[in-house]
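Colleague: The hints should help you fit chain B onto chain A, whose structure is shown.
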Amino acid sequence: MSKEIVELTDANFEDEVLKSEIPVLVDFWAEWCGPCKAIAPTIAEIAGEYAGKAKIGKLNVDNNRDSAMKFGIRSIPNLLIFNSGSVAHQIVGAVPKSNITTLLDEVI
Amino acid sequence: MNRKVIIIGTGPAGLTAAIYAARANLQPLVFEGQQPGGQLTITSEVENFPGFPEGITGPELMDSLRKQAQKFGAETVFNQITKVDFSRRPFKVWSGDNLYTSDTVIISTGASAQWLGLKSEKKLMGYGVSACATCDGFFYRDKKVLVVGGGDSAAEEAIFLTKFASEVWLVHRRDELRASKIMTQRIMDNPKINVHWNSVITEVLGTTDSGVVGVKLEDTKTGTIRQDDCDGVFLAIGHTPNTEIFNTKLELNAKGYIVTKPDSTYTSVPGVFACGDVQDSIYRQAITAAGSGCMAAIDAERYLED
Numbered sequence: 005m006s007k008e009i010v011e012l013t014d015a016n017f018e019d020e021v022l023k024s025e026i027p028v029l030v031d032f033w034a035e036w037c038g039p040c041k042a043i044a045p046t047i048a049e050i051a052g053e054y055a056g057k058a059k060i061g062k063l064n065v066d067n068n069r070d071s072a073m074k075f076g077i078r079s080i081p082n083l084l085i086f087n088s089g090s091v092a093h094q095i096v097g098a099v100p101k102s103n104i105t106t107l108l109d110e111v112i
Numbered sequence: 630m631n632r633k634v635i636i637i638g639t640g641p642a643g644l645t646a647a648i649y650a651a652r653a654n655l656q657p658l659v660f661e662g663q664q665p666g667g668q669l670t671i672t673s674e675v676e677n678f679p680g681f682p683e684g685i686t687g688p689e690l691m692d693s694l695r696k697q698a699q700k701f702g703a704e705t706v707f708n709q710i711t712k713v714d715f716s717r718r719p720f721k722v723w724s725g726d727n728l729y730t731s732d733t734v735i736i737s738t739g740a741s742a743q744w745l746g747l748k749s750e751k752k753l754m755g756y757g758v759s760a761c762a763t764c765d766g767f768f769y770r771d772k773k774v775l776v777v778g779g780g781d782s783a784a785e786e787a788i789f790l791t792k793f794a795s796e797v798w799l800v801h802r803r804d805e806l807r808a809s810k811i812m813t814q815r816i817m818d819n820p821k822i823n824v825h826w827n828s829v830i831t832e833v834l835g836t837t838d839s840g841v842v843g844v845k846l847e848d849t850k851t852g853t854i855r856q857d858d859c860d861g862v863f864l865a866i867g868h869t870p871n872t873e874i875f876n877t878k879l880e881l882n883a884k885g886y887i888v889t890k891p892d893s894t895y896t897s898v899p900g901v902f903a904c905g906d907v908q909d910s911i912y913r914q915a916i917t918a919a920g921s922g923c924m925a926a927i928d929a930e931r932y933l934e935d
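Top line first, the protein sequences correspond to chains A and B. Position in the first sequence (from 1) plus 4 gives the number in this note's numbering. Position in the second sequence (from 1) plus 629 gives the number in this note's numbering.
Isolated chain B, as found in the complex:
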């Protein structure tokens, strides 16, 4: 069955688009992807989403958005889109071998934590290498962990991890942090946190049986390699947009974000719209993602009317 609207991704952008599209009677089909609910599902408390003076947990907020979309007729499927063809209409998207077609597509695949790109890091993902302190910190009670990064999110992760770990080391490539003054001060004042200055990880040591046992660090000034024992490595070096499957199908900027026409969610292909973090490297908030999701649904609705 050909659809009027297919939505790829279910963070605040995709689910808001689903609410609006469903209320406009467009019966959207929504692909939830690898991480239903998006990045908010790995945060704890969301304190800045308007309307929740007491705060709300990320998973609860996303659960409410999903229910709200379903209430108006959005159909959600826990599958991931693996291939697209936007060269002719109706547009084609595949989940594995299953083909779906649609008159419009709204892309809200968001962004994911950036990895160092090391083979050893990939092998040990889930075995001591993590990009989510709130998910995995629990398993490092009285252990020593490293946090890679120098910005506010690295500082937040490091401070969060001191609740469990006996020792937390930041690994930062420069000789000063990029984090805000207040966060830097908190790092410096925390007796459990130390910093490996001018350092980058060149290899994560360990096996899937032993888990992470240490890392090799390179001094960015002298090039010297040294080894440091640890039980876990947490990455906090930023995010990268989930646009792999759209490469060459849509115009992307140098950092891989989908380019949208100013004041709209139009991509380089008419009928394909993008909203949320996949096209936004600046604001990256739940509320801005939701706002652009609303825009995408309205853009799609008007496009279908024309």
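Bound-form chain A, shown alone:
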């Protein structure tokens, strides 16, 4: 995982995401999910480009089922954009980079 990407867990979700001072993009993913792997390079690029402006985190749903359930994740890849502790946008499925950055730019 690139150094700009935060590894999220059920334990650190509140501190890293809900209490974050800058917007957070959370990528819900799993090892067995092909489309998740397909968008991983895009997420890494975004993490590099938005360093300091937005936090980019990945949450492995296999190991952190509570957070996935809490936000009603029923399909991955699933990207949630949090702003001031609540969900501002949701993107379901693998989408081109510009779809993600457009929504991210709205909350920055």
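Certain hints may be false.
[Claimed, not checked] Each computed BS3-like pair below joins lysine-lysine, with the alpha-carbon atoms no more than 25 Å apart:
| # | chain 1 | residue 1 | chain 2 | residue 2 |
| --- | --- | --- | --- | --- |
| 1 | B | K884 | B | K748 |
| 2 | B | K845 | A | K101 |
| 3 | A | K101 | B | K696 |
| 4 | B | K792 | B | K773 |
| 5 | A | K101 | B | K792 |
| 6 | B | K721 | B | K748 |
| 7 | B | K752 | A | K101 |
| 8 | A | K74 | B | K751 |
| 9 | B | K752 | B | K845 |
| 10 | A | K74 | B | K772 |
| 11 | B | K721 | B | K890 |
| 12 | B | K884 | B | K712 |
| 13 | A | K74 | B | K792 |
| 14 | B | K772 | B | K821 |
| 15 | B | K696 | A | K7 |
| 16 | A | K101 | A | K62 |
| 17 | A | K101 | B | K700 |
| 18 | B | K751 | A | K101 |
| 19 | B | K633 | B | K878 |
| 20 | A | K74 | B | K752 |
| 21 | A | K74 | B | K773 |
| 22 | B | K748 | B | K845 |
Keep in mind the hints are simulated off the structure, nothing from the lab.
Modeller: Chain B in isolation, oriented as in the chain A frame:
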């Protein structure tokens, strides 16, 4: 910069075309589309691709093909082509507002899962409505799910989902399955699987907050409507070719597949070639797609030489 070859789509067909075109020094520009790697990225194990006696996962296979294409100079971009103009040369393709031109175009946009076409289904896609049990089954542990369809892929999805779900119901429009004997037997023998015979879904119930909570089912014999509670709906009613943007630009058959000249990948427009599932409703295998991708690159190379 005008290109010699633009390839649209990166399943086994598009990436094989990219490998061959790149090795022929044509420096192909490859658009990866919505689902880089194509349908194989949502399968688990591929056991019938020659050369992998132990099997290989779909995503790994596609990753290898992409690397192989890039090694020889194929340039891949994670963007989707949204519009084309094949009326004059060089051909024009657009990704959003960005225009690209090329002397030849290879179309390998594949096919996507078919949807019922209901408004409620579209609204709840990703919120309980899914066309990929291997992707989303995990989220239905101890829940009740419906699988729509009666063929082998519906049977496979239903059996896969019993690993997680407490109850799986097939929804099938007829009174017998279209699936092979062996798959039908597995369905009948599985205590977690039941079938709603002679039934079609007319509405998926739920909101994006609640997720799917149930469906309305119509009895195809009597027309009676009944409601069934469930947490998820999986579609397995076949595939439809991704040819929306080529409609009226190329000859398509009645089912929307691109028509190719026999024993070639030539479409109705010289210089535009098609390979893989977008022109094949019969075989639809990774290896046949790869084979036709190779043909498309060779056809394009020869066309450019003439």
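Colleague: With reference to the structure, classify each hint as holding or not holding.
Modeller: Against the structure, the hints come out as follows:
no., hint, verdict
1, B:K884 <-> B:K748, "holds (22 Å)"
2, B:K845 <-> A:K101, "violated (37 Å)"
3, A:K101 <-> B:K696, "holds (20 Å)"
4, B:K792 <-> B:K773, "holds (12 Å)"
5, A:K101 <-> B:K792, "violated (34 Å)"
6, B:K721 <-> B:K748, "violated (33 Å)"
7, B:K752 <-> A:K101, "holds (22 Å)"
8, A:K74 <-> B:K751, "holds (23 Å)"
9, B:K752 <-> B:K845, "holds (15 Å)"
10, A:K74 <-> B:K772, "holds (16 Å)"
11, B:K721 <-> B:K890, "holds (22 Å)"
12, B:K884 <-> B:K712, "holds (21 Å)"
13, A:K74 <-> B:K792, "holds (22 Å)"
14, B:K772 <-> B:K821, "holds (11 Å)"
15, B:K696 <-> A:K7, "holds (24 Å)"
16, A:K101 <-> A:K62, "holds (16 Å)"
17, A:K101 <-> B:K700, "holds (23 Å)"
18, B:K751 <-> A:K101, "holds (22 Å)"
19, B:K633 <-> B:K878, "holds (20 Å)"
20, A:K74 <-> B:K752, "holds (20 Å)"
21, A:K74 <-> B:K773, "holds (19 Å)"
22, B:K748 <-> B:K845, "holds (13 Å)"
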